[in-house]
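**Q** What follows is each chain in one-letter form.
Protein chains: 2
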Amino acid sequence: MDEIKIFAPATVANISCGFDVLGCCLDAIGDEMIIRKSPAKGVKITKIIGENLPLETDKNVAGVAALALLDKLNFNENFGFEIEIYKNIKPGSGVGSSAASAAGVVFAINELLGKPFTKLELIEFAREGERLACGSPIADNVAPAIFGGFTLVKSTNPLKIIELPTLKGLYATIIHPQIEIKTEDSRSILPSKIELSEAVKQWANLGSLVHALHTNDYNLFSESLTDYIVEPYRSKLIPDFDKVKNNALQAGALGCGISGSGPSIFTFSKDKQIAKNVSVAISEVYKKIDVPFHIYITKINTQGIKIL
Amino acid sequence: MDEIKIFAPATVANISCGFDVLGCCLDAIGDEMIIRKSPAKGVKITKIIGENLPLETDKNVAGVAALALLDKLNFNENFGFEIEIYKNIKPGSGVGSSAASAAGVVFAINELLGKPFTKLELIEFAREGERLACGSPIADNVAPAIFGGFTLVKSTNPLKIIELPTLKGLYATIIHPQIEIKTEDSRSILPSKIELSEAVKQWANLGSLVHALHTNDYNLFSESLTDYIVEPYRSKLIPDFDKVKNNALQAGALGCGISGSGPSIFTFSKDKQIAKNVSVAISEVYKKIDVPFHIYITKINTQGIKIL
Chain D
1 MDEIKIFAPA
11 TVANISCGFD
21 VLGCCLDAIG
31 DEMIIRKSPA
41 KGVKITKIIG
51 ENLPLETDKN
61 VAGVAALALL
71 DKLNFNENFG
81 FEIEIYKNIK
91 PGSGVGSSAA
101 SAAGVVFAIN
111 ELLGKPFTKL
121 ELIEFAREGE
131 RLACGSPIAD
141 NVAPAIFGGF
151 TLVKSTNPLK
161 IIELPTLKGL
171 YATIIHPQIE
181 IKTEDSRSIL
191 PSKIELSEAV
201 KQWANLGSLV
211 HALHTNDYNL
221 FSESLTDYIV
231 EPYRSKLIPD
241 FDKVKNNALQ
251 AGALGCGISG
261 SGPSIFTFSK
271 DKQIAKNVSV
281 AISEVYKKID
291 VPFHIYITKI
301 NTQGIKIL
Chain P
1 MDEIKIFAPA
11 TVANISCGFD
21 VLGCCLDAIG
31 DEMIIRKSPA
41 KGVKITKIIG
51 ENLPLETDKN
61 VAGVAALALL
71 DKLNFNENFG
81 FEIEIYKNIK
91 PGSGVGSSAA
101 SAAGVVFAIN
111 ELLGKPFTKL
121 ELIEFAREGE
131 RLACGSPIAD
141 NVAPAIFGGF
151 TLVKSTNPLK
161 IIELPTLKGL
171 YATIIHPQIE
181 IKTEDSRSIL
191 PSKIELSEAV
201 KQWANLGSLV
211 HALHTNDYNL
221 FSESLTDYIV
231 EPYRSKLIPD
241 FDKVKNNALQ
251 AGALGCGISG
261 SGPSIFTFSK
271 DKQIAKNVSV
281 AISEVYKKID
291 VPFHIYITKI
301 NTQGIKIL
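Chains D and P are the protein sequences, given in the same order.
Residues in the first sequence are numbered consecutively from 1, following our numbering.
Residues in the second sequence are numbered consecutively from 1, following our numbering.
Hints are computed from structural coordinates only; laboratory data are not their basis.
Accuracy of the hints is not assured; some may be wrong.
Identical copies go unnamed one by one, so any copy, or any two together, can satisfy a pair.
Calculated pairs, EDC-like style, for lysine to aspartate or glutamate (alpha carbon to alpha carbon, straight line, at most 20 Å) [said to hold, decoys possible]:
1. K236 <-> E84
2. K236 <-> D58
3. K115 <-> E56
4. K160 <-> E198
5. K160 <-> E223
6. K272 <-> E198
7. K47 <-> E32
8. K44 <-> D290
9. K236 <-> E121
10. K44 <-> E111
11. K44 <-> D2
12. K270 <-> E180
13. K160 <-> D217
14. K201 <-> E124
15. K201 <-> E163
16. K5 <-> D242
17. K287 <-> E223
18. K59 <-> D242
19. K41 <-> E3
20. K272 <-> E82
21. K236 <-> E223
Turn these sequences into a full structure, and let the hints guide you.
**A** Encoded structure:
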């Protein structure tokens, strides 16, 4: 195989009680990428359609992730790789745009080379893209992008990822208000210290949520989707967050929270019709205050990156 | 049925990453209780063998729990209840002594009355005993005493308890150094605020531990039994805690931590032989420094309170 075309999915990280550890993979939002072997050595990004992102290999998250993989192999064949990126995920939207590019390229090169690496190793390389994008080799978006479904980052050093079961038939509705939140703002707004009593409630919910996924318990899943720690701070950066959340829950959503560090807001629903109802209910909030937005209704993607 | 004899088990709360929420039920340590209908109305504690505890109903955790149950029923039959307690669990040892008495009595009276209440309701009554014992209606010992196995207190208001699966064949070795830790010391030594970054590691571990119980994964269970938050503080109150822990892990224990608020230390092992090896290894620590201790090797009790 000399060329591969893939779908690199968007992902939701920081799912309510799972700040920094719990993510899931989406199905109807994602980039397409074509990666092919080329006579020229090295990694070259030949095309980026849809967004204005750097073509220089060492300034692009996909390029950096690809180099991390090839470095590990001490790659010295008489060919290289060309990358084309068809970007559908908006950078800075909070649904893992950089993770999709980084995870996608390492998945694709691994396929072209006959799968020398495990999925866990691919996550290690993709994290180097995340390090470029946000200064830290976070894994909570690249893990669900590569494994699919719900994932838990048990630890980052050493990297240990747990693949969790997914509730049957679960849908997400994602709304992306077109505002910019600076990464430094979404970080600096968080306190470095939190109340122990609040932390206890948070970890009780995360334990319950893992149990809910294993037992396919929609009610418990819903009851566990509360974020006592981060949402009270970061929600202030998102216009009318409380109204969106309230409308989502009124329309039947199982839960609602900030996707990644925002501004996108995720909601989960137990079937497609409810996900559509939620879409209508939360769109109204931003229509009313004239905030432009994108909205997506999607299954949970249990496969992760797909070969097209 | 006019009389019932039960085994009221000891329990481990605050299991490592599950401070305030995760507990489990033990099999080889526990009290025996006899509860019988009596011609005299009300609740009377007629006998306590083994420990010097108050016989007055309203000053005894079992008495208070029994009254909470009867109050809820607006109980007004022409009989009452007598309670005999054969106490084997040392009060203040950290393995749920008060919880065993409180849970045992409400379980027994519920049986004598034809089971008007669910197990969850029984936990509500037993918590009133805990309120008397420690000032707060904690549920993390009474829940495993009544349900058996591993339990997660998802929330206390409203009370929601999750029954988790138990690893097959799991054993605990519990060592109780005969020292007194004042409840106020074990509380006041904890900070009210903790680092967010440490809390993230704690909830990642609790999520992983729940996953490990569902997948019968001993390695992951072991890797998840780390307490970043509470153990660094409370372990200072227990002589040579670090040596005990180190010896336990060297002898093959899956994990080791402070039971409840101490001074007992729990360890888990994947079979009885390892649990015995651990027992020898940790006993040596206290023999060397002449701290008197009790030690117990026990299966995890998946049934909870037992009718004898």
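**Q** Which constraints among the numbered hints does this structure fail? Numbers only, ascending.
**A** Violated hints: 1, 2, 3, 6, 8, 9, 12, 16, 17, 18, 20, 21; rest satisfied.
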